[in-house]
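S.K.: Chains A and B are the protein sequences, given in the same order.
Numbering (my numbering) for the first sequence: 14 to 553.
Numbering (my numbering) for the second sequence: 14 to 553.
If you are wondering where the hints come from, they were derived from the structure by calculation, not from laboratory data.
Heads up, some of the hints might be wrong.
No copy is singled out in the list; a pair is fine if it fits within one copy or between any two copies.
Each computed DMTMM-like pair below joins lysine to aspartate or glutamate, with the alpha-carbon atoms no more than 20 Å apart [unchecked claim]:
id, residue 1, residue 2
1, K179, D93
2, K125, E405
3, K511, D84
4, K274, D84
5, K369, E235
6, K128, E450
7, K189, D216
8, K189, D282
9, K123, E405
10, K125, D478
11, K511, E283
Number of protein chains: 2
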Amino acid sequence: MFVLRMFLLRQVRKSDQRSKPLPGYLIRRLPGIFEFLGRKPRLRRAASRLFINSFAYATSPRPRPFSMASDYTTWPGLTDRRFTGRHLPPVNQRHLPAEEDVVNLYRRPKDKETKSTDTSALFTFFAQWFTDSFLRSSRHEPGRNSSNHEIDLCQIYGLSAAKTEKLRSGQGGRLKSQLIDGEEYPMFLEPKIVGDELVVNEDFKGLHRESSLRPFVDAYPEDQRRLMFAVGLEYGNSTIGHTILNTVFLREHNRVADLLKVNYPDWHDERLFQTTRNVMIVLLLKLVVEDYIKHIAPFDFPLEVVPFIAEAERWNRSNWMSIEFDLLYRWHSLVPDHIGEGADRLTLYDPDKPDKNLVNNNKLVISRGIENLVAQMSRERAGRIGLLNTPEFLIGVAEAPTVRRMRAACLDSFNAYRKAFGLKPLTSFEQLTTNTEVRRRLEQHYRDIDDLEWYVGIFAEDYPDYRMMGPLMTTMVAYDAFTQALTNPLLARNVFNKNTFAEVGMDIITDTHSLQQMIARNSKSPGDVYASFRCDPGGK
Amino acid sequence: MFVLRMFLLRQVRKSDQRSKPLPGYLIRRLPGIFEFLGRKPRLRRAASRLFINSFAYATSPRPRPFSMASDYTTWPGLTDRRFTGRHLPPVNQRHLPAEEDVVNLYRRPKDKETKSTDTSALFTFFAQWFTDSFLRSSRHEPGRNSSNHEIDLCQIYGLSAAKTEKLRSGQGGRLKSQLIDGEEYPMFLEPKIVGDELVVNEDFKGLHRESSLRPFVDAYPEDQRRLMFAVGLEYGNSTIGHTILNTVFLREHNRVADLLKVNYPDWHDERLFQTTRNVMIVLLLKLVVEDYIKHIAPFDFPLEVVPFIAEAERWNRSNWMSIEFDLLYRWHSLVPDHIGEGADRLTLYDPDKPDKNLVNNNKLVISRGIENLVAQMSRERAGRIGLLNTPEFLIGVAEAPTVRRMRAACLDSFNAYRKAFGLKPLTSFEQLTTNTEVRRRLEQHYRDIDDLEWYVGIFAEDYPDYRMMGPLMTTMVAYDAFTQALTNPLLARNVFNKNTFAEVGMDIITDTHSLQQMIARNSKSPGDVYASFRCDPGGK
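Turn these sequences into a full structure, and let the hints steer you where they fit.
M.R.: Spelled out as structure tokens, the structure:
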């Protein structure tokens, strides 16, 4: 039975190996087929299960013999999750180009952004906000991380029970919040540099490690620091995407808590809070699978969080975020040069127009409001994931450190990872990409395809327009995402029920499938909300 | 397929429900059948797999919706293992007798020890030493524990990497040790009470939390404290069993490290240590399954650590030690009134003969030596697990606190647990036990069988002579033991191989099946070693 199933899954996956596009007649029909599937609950469920398992079985299940703790198998390396995990053992690759040359492979030529097919800038910010919560490699201690290794919505709840405490209002299960011009936001953190010390509002002392928070405060325009919010993670104010999504989820938390309170008037603050949190984590999981990953899948495949899908599966093993998952998710090329046009035009970072920056700009969020910005982000296409498409601003602050980390981790080659994740190794750069400029540069730096570094290869792979990334990146991101999101304890057979979420919470979970819904029900003009990971420039 | 297998397993388990003994013709034949099985590797493996799964599927797999964190489902309750787990939600049982009356149900009448059929006192001490390493409920914070939730041999390695460091010699992968009269022992801890402070040898500062160590030092005879050893856990000197087994495993560690060093001369201390630890943890798992649990099983069923047995199983889920596992393992009745006769006669605790005490007596271990004491323990029968058989000395210090904890945890009834673990609830005290004295006293305290408390019921259940405990206790201990020992990461498909243990280590693992072997190969007169969990008074 298991063997038969594995054979079937292999067949599905084999169709995925090729970077060649599907034949035209299929491409034309698949959107219709998927739409049909999406309307048939049982078919949709079966198709989702097959889709998810086809990736979850791409490689062997955890535990891995190695982590970043050491180059051979040790007990701390098998058990201490403060060390980052790793899929393949370290290898000293030879014949590597200089780091600087590798970094340059990512640089987007000035004013030559390559746009994605139909991915919105909202997707870009959601990806960052979502993954920053569990991919928490330490900046200072190589091989270490501060991740909880779970999707736990620490973006709004903080990294530990003690930190959560500081963010709670202590009333009605709510999170602390304030109204600014009638709109709900987190409280202000009020960071100040006194002497050489960083101090924050007394209520939020200890919410972040000072050394972790400090760089984000230093980078924030001094006259705007009073607008930084107290949220779960230290970089929660660093882009308008973080601020928008933290605010949306905070509003939803308080909305759900209020609903529970009405329905269960004898529940105290603690029970209201904890039950709301249970609901919120599952809402996030649903949005991730049914809205976000759905968009990553070709033709917006109608994915579903199949109840208890992990129950009988060999991939249902303790989570452990790997260094590869952390590095492959650095989709800097998704960041567009600008969002919108004319007076509304926003840029990533322009020192001359700080009011229009996407980074460190809570003022923009407060003045324009969530709905307005989300709609603008939904109408702008993101950059296309790939080489030669990382914005200049991110080359130094993001791409160079990533390449440095990849090298320090002694990752195995691109072809070694293809083999490990069930794909045939490539035999030439021609198989990798038809982009002659990319091929020329790779051939200049690497003796042959077997020397190609993994981190470079996954961004160099060709892929057709209806995909968002190449076969190896797709497989690896899907493997780690599915096997670590769908193993969440809240989705387990004994837990996913009315006792855990209350009837009211269960209904909300059942009815929620998109970020659009969540923003709309917290908006004063729900009909005007437009939030989409699939970019439609004419979207409402 | 899964359904069919579950049906088969149910059939096996049904035969286990009854407290009635098997028919005589089977009883006479089973030992022979099992011995035959034991000699046929493939049959033995298949039989072991069936045996293990029959218990591992007795109830639904983890995760549980509740832990001791709260009475309803919360995120910390699902993820924070500093809270103790629990199998069933809390219940306020009514009509309960006074705690004191319950405690009295356990008291062994003076000089009326009930002996087990064929279990040795060595088994008693191994059980304590083994379980004290992962059942670490906090004495001071109800619902909390300090367990790593893994079988990690923290008895000799300590509870964290920083503590392990203090116990390592830093040379050749060895643990710190000393020779006393030519025999290897751990180093001395040298605890001293200075003013009101507890100080230990500088080398071992921070090895234990002072508040955890203090009661054990206070209880130790003051003139003997200089003989307390520096070992992994704070109670590592509290019985001669702890001292003996810590010493045996320390000697084996250093023996294996030396062997690895000879075979891999270019390995540094760290690699030698870590690889030795990998080997040692698996050796412990092998002894536990193939020697210790084998003896618990009827007629010493030839159990085997089946390679990768957990791989495809739904019970392969993250470990979480439950309050029930912790409480059911309090086999105080196993402790015999005395061990041996005449001049060698040892008693649990006699203030008039401190030299002959089983508690706080490293002097005895050092003077008599490991082999001598182990042989004496192997020749003495343990007490029989059940009510009315806990030694007087343990009533106040062990049984009363256990009953208090059971009550504080609001555990569900005996019958509720029978149902949860796949056994039919009982309808009368007659079904529970044929012991008229026990029945009379239970009927006096409990209105009817549905009121019977779980902790009392599991010790009151009848069982035939070829078993060691009743059906519910057997099922629950086997469920938690198998699903938490065999999920050890060192046994996983990607890990259990020569890379992890080195060829030398792999051979040692393959060849080791008993504590007898481990003691013998560290002994100067291996031929004289007699170590057995099955008591044979005439044993060599």
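S.K.: Against each hint, give a clear statement of whether it holds in the structure.
M.R.: Status of the hints after comparison with the structure:
1. K179 with D93: Between copies only: 18 Å across chains, 27 Å inside a chain, cut-off 20 Å.
2. K125 with E405: Within one copy, since 11 Å is at most 20 Å while 85 Å is not.
3. K511 with D84: Classified as between; 15 Å across copies, 45 Å inside a copy.
4. K274 with D84: For K274 and D84, the Cα distance is within 20 Å only across copies (18 Å; inside one copy 52 Å).
5. K369 with E235: Classified as within: same-chain Cα gap 16 Å, cross-chain 74 Å, threshold 20 Å.
6. K128 with E450: For K128 and E450, the Cα distance is within 20 Å only inside one copy (17 Å; across copies 84 Å).
7. K189 with D216: within (10 Å within a copy, 47 Å between copies)
8. K189 with D282: within (13 Å within a copy, 52 Å between copies)
9. K123 with E405: Within. Shortest intra-copy distance 8 Å satisfies the 20 Å Cα cut-off; inter-copy 85 Å does not.
10. K125 with D478: The answer is within: 18 Å in one copy meets 20 Å, while 83 Å across copies does not.
11. K511 with E283: within (18 Å within a copy, 50 Å between copies)
Consistency note: the structure conflicts with none of the earlier hints.
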